[in-house]
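Enquirer: Chains as they are written, first to last, in our numbering: chain A, 1 to 259; chain B, 1 to 268.
Note that these hints are calculated values from the structure, not bench results.
A portion of the hints provided could be inaccurate.
Claimed, not checked - So the derived label-pair ranges between C-beta atoms look like this:
#1 A:Lys110 / B:Leu96: 27 to 33 Å
#2 B:Lys185 / A:Tyr233: 51 to 57 Å
#3 B:Lys90 / A:Tyr233: 51 to 57 Å
#4 B:Lys185 / A:Glu185: 53 to 59 Å
What the hints assert, rightly or not - From chain A, some residues computed to sit far from chain B (all C-beta separations above 10 Å):
#5 Asn32
#6 Ser137
#7 Leu224
#8 Gln244
Unchecked claim - Below, a list of computed lysine to any residue pairs in the SDA-like style, where the Cα atoms sit at most 25 Å apart:
#9 A:Lys111 / B:Ser148
#10 A:Lys85 / B:Gly161
#11 A:Lys110 / B:Phe168
#12 A:Lys183 / A:Pro5
#13 A:Lys85 / A:Gly124
#14 A:Lys85 / B:Gln267
#15 A:Lys107 / B:Thr250
#16 A:Lys85 / B:Lys268
#17 A:Lys110 / B:Ser148
#18 B:Lys255 / A:Glu185
#19 B:Lys172 / A:Lys8
#20 A:Lys85 / B:Ser166
#21 A:Lys183 / A:Asp251
#22 A:Lys107 / B:Trp118
#23 A:Lys8 / B:Ile167
#24 A:Lys10 / B:Lys172
#25 A:Lys183 / A:Arg212
#26 A:Lys107 / B:Val106
#27 B:Lys172 / A:Gly124
#28 B:Lys268 / A:Leu136
#29 A:Lys85 / B:Val257
#30 B:Lys255 / A:Gly138
These figures come from a predicted structure and were not determined experimentally.
Ideal Cβ placement from N, Cα and C applies to all residues, glycine included.
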Amino acid sequence: MSETPQPKLKLTEVSRLFESNLALAPTSISINEGEFICVVGPSGCGKSTMFNIIAGVLQPSSGTVEVDGQDITGRAGQVGYMLQKDLLLPWRTVLDNICLGSILHGKASKKEREAGVELAERYGLGDFINHYPAALSGGMRQRVALMRTLAMHRDVLLLDEPFGALDSMTRMAMQQWLLSVWKAEKRTVVFVTHDIDEAIFLADRVVVMSPRPGRIRDILAVNLARPRGRDVYTAPEFLQLKDQIMTYVYDEKDSSDAA
Amino acid sequence: MQPEKQPLWRSILYPVIAFALVISLWWGSVEYFQVPRYVMPSPGDVWAHIMSDYATLWQGFQVTFMEFLIGFVVGAFSGFFMAVLMDASKTIRGVLYPILIVSQAVPIIAISAALTIWLGFGLAPKLVIVALVVFFPVVVNVLDGLRSVDSDLLRLARSMGGNSWSIFRHVKMPATLTPLFSALKLSATFSVTGAVIAEWSASTSGGIGAYLMQANSRLNTSGTFAAIAYLAVLGLVAFLLVILVEYLVTPWRTKPVVPRWSTRFWQK
Ligand SMILES: Nc1ncnc2c1ncn2[C@@H]1O[C@H](COP(=O)(O)OP(=O)(O)O)[C@@H](O)[C@H]1O
Ligand SMILES: [Mg+2]
C-alpha cells in the first residue's frame with residue numbers, strides 16, 4: 001500500500017474496566033473514511049462497551065478516540081449512534097423523531113424539518129411523517145431510527161445490532177437498503193452484529209472480537225465486489241471467511257468450556 | 001392497551017339502560033313496599049326537591065366543583081414537582097419517601113379537622129385536602145414513570161448531545177404522562193369525596209357536602225338524596241374531565257396519526 005490517508009476514526013489503546021471486570025482490553029483500530037466495518041463476536045465481548053466509549057457516553061479507563069485526527073474522547077454528539085431497539089419516542093411523530101437531534105439541541109428549525117421530510121421521502125417513508133411510531137412496522141421503525149441518525153450529519157455511524165430484532169426477510173431487505181444509504185450518503189459505518197453472514201455480506205473489513213477480556217481477535221478484509229447480490233453467499237471467498245470466523249468463535253467456546 | 005372498540009351507540013345506550021333500570025327498580029320498590037318518605041324518598045320526590053331548591057343546589061355544585069378543580073390541579077402539579085425532585089436526588093428521595101408513606105396512614109378526616117384549626121373555615125383547608133388526595137398517587141406514579149425510562153434511550157439521547165434539561169423535557173417528562181394520567185383517573189372521584197369531607201369539618205362553604213350534612217341533620221331525606229345525586233354527577237364530571245384532558249394531551253395513545261390541530265402536524 002502507498003501512503004495511508006488520515007483515518008476517519010482511530011482508537012488508541014482504548015480500554016474499560018468495570019470493577020474488576022476488564023470489559024475491553026486495550027484496543028486499537030484505524031478506520032478509513034467511507035469504510036464499512038462489521039464487528040462480530042459473542043455477547044459480552046465488549047462490543048457495546050466500545051461503542052459507548054466512541055459515542056462519548058462512557059468514559060474509557062484508558063486510551064483515546066479520534067475523529068479526523070481530533071481527540072473526542074468522552075465527548076458526546078460527535079458520531080451517530082443507533083441501537084438494536086429503535087428507541088423512537090412514542091409521543092413524537094415520525095418527522096419529529098427523525099429531527100430528534102435538533103430538538104435535543106433546542107429546536108428543529110423549518111429547514112431541518114424540511115430536510116427530515118426529504119430524508120423520509122427519499123427512503124420511502126414520505127407518507128408517514130405525521131404518523132406516530134406505534135403505527136409503523138418493525139422494519140419501518142428501524143428505518144426511522146437510521147434516518148434519525150443520518151439527520152445528525154455525522155460522518156461516522158455506529159450501528160449496534162440494528163437489525164437484530166427483525167425477522168430474516170425484513171432483515172435482508174434492510175441490509176440492501178442500508179448499503180444503498182451508505183453508498184448514497186458516503187458515511188463511515190461501524191456495524192455490530194451476531195450474524196456472521198450479515199457481517200461478511202455488508203463489510204469491507206470484519207473485526208472479530210473475543211471475550212474475557214474483550215479484545216480484537218483478528219481483522220479480516222472482505223474482497224467481494226460490490227454491489228453484492230444474493231450469489232455472494234455461495235462465493236468461495238465468502239465461505240472461506242465464514243469458516244475462518246467460525247473457527248475463532250468456536251475456538252473461544254472450547255477454551256471457555258474447558259476452563 | 002387500548003380499550004376494546006365498540007360502536008358509539010352501544011357505549012351510550014348501555015349506560016342509559018343501566019341507569020333507567022336502577023331508577024325504575026328504586027321507584028318500584030319504594031312504591032310497592034310503601035316505604036315512608038323520611039326513610040327513602042322515590043326518584044320523583046328527589047326530583048321535586050331538586051326543582052324546588054334548584055338555585056341553592058346549583059350554587060353548592062359550583063362551590064364544590066371549584067374546590068375539586070383548584071385542589072386537584074394544585075395537588076397534581078405539586079405531586080409532579082415532588083416526583084421530579086425525588087428523581088433528581090437520592091437524598092431527597094430517601095428522606096421524603098418515609099414521610100410520604102406515614103402521611104398516607106393518617107385518615108384524611110383527621111387531617112381535615114386539624115386543617116380547620118390552622119386554616120379556618122374558608123376555601124384553603126378544602127383545597128389542601130383535595131390536593132393531598134391527589135398528591136400521593138401522582139408522586140408515586142410519576143416517580144415510577146421517571147425511573148422506568150429505558151436507560152438505552154437516555155444513553156442514546158446523551159450520545160446525540162442532549163443536556164440534562166433537554167433530555168428531561170423531551171424524553172423523561174413525556175414518559176410520565178401515561179402513569180400521571182392513570183393516577184389522576186384513580187384519584188378524580190376520590191378527591192370529590194375529599195372535598196365533601198373537608199366541607200363536613202367546616203360546613204360554612206355552601207358546597208354540596210355542607211348541603212348534604214344539613215339536610216341529613218334535619219332528617220330531610222329528599223334533600224340528602226338530592227345532594228347525593230349532585231355528588232354522583234360531580235364525581236362523573238371530574239372523571240370525564242380527566243379523560244378529556246388525557247385525550248387532548250396524549251393523542252398518540254388513541255390515534256395513529258398526529259391530529260391536524262396539533263402544532264406537531266407537518267403540512268407539506
Ligand atoms: N454498565 C456496566 N456495568 C458493569 N459491567 C458492565 C456494564 N456494561 C457492560 N458490562 C460488562 O462488560 C462486558 C462487555 O459487555 P458489552 O460491551 O455489553 O458486550 P457486548 O455488547 O459485546 O455483548 C460484559 O461482561 C458486561 O457484563
Ligand atoms: Mg451489545
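Enquirer: All hints are to be evaluated individually against the structure, with a verdict given for each.
Expert: Status of the hints after comparison with the structure:
no., hint, result
1, A:Lys110 / B:Leu96: 27 to 33 Å, "violated, 44 Å"
2, B:Lys185 / A:Tyr233: 51 to 57 Å, "holds, 54 Å"
3, B:Lys90 / A:Tyr233: 51 to 57 Å, "holds, 53 Å"
4, B:Lys185 / A:Glu185: 53 to 59 Å, "violated, 46 Å"
5, Asn32, "holds, 23 Å"
6, Ser137, "holds, 12 Å"
7, Leu224, "holds, 32 Å"
8, Gln244, "holds, 32 Å"
9, A:Lys111 / B:Ser148, "violated, 34 Å"
10, A:Lys85 / B:Gly161, "holds, 19 Å"
11, A:Lys110 / B:Phe168, "holds, 23 Å"
12, A:Lys183 / A:Pro5, "holds, 20 Å"
13, A:Lys85 / A:Gly124, "holds, 21 Å"
14, A:Lys85 / B:Gln267, "violated, 29 Å"
15, A:Lys107 / B:Thr250, "holds, 21 Å"
16, A:Lys85 / B:Lys268, "violated, 29 Å"
17, A:Lys110 / B:Ser148, "violated, 33 Å"
18, B:Lys255 / A:Glu185, "violated, 34 Å"
19, B:Lys172 / A:Lys8, "violated, 34 Å"
20, A:Lys85 / B:Ser166, "holds, 21 Å"
21, A:Lys183 / A:Asp251, "violated, 35 Å"
22, A:Lys107 / B:Trp118, "violated, 47 Å"
23, A:Lys8 / B:Ile167, "violated, 29 Å"
24, A:Lys10 / B:Lys172, "violated, 34 Å"
25, A:Lys183 / A:Arg212, "violated, 36 Å"
26, A:Lys107 / B:Val106, "violated, 46 Å"
27, B:Lys172 / A:Gly124, "violated, 30 Å"
28, B:Lys268 / A:Leu136, "holds, 20 Å"
29, A:Lys85 / B:Val257, "holds, 22 Å"
30, B:Lys255 / A:Gly138, "holds, 18 Å"
In summary, the structure is inconsistent with hints 1, 4, 9, 14, 16, 17, 18, 19, 21, 22, 23, 24, 25, 26 and 27 from the numbered list given earlier, while agreeing with the others.
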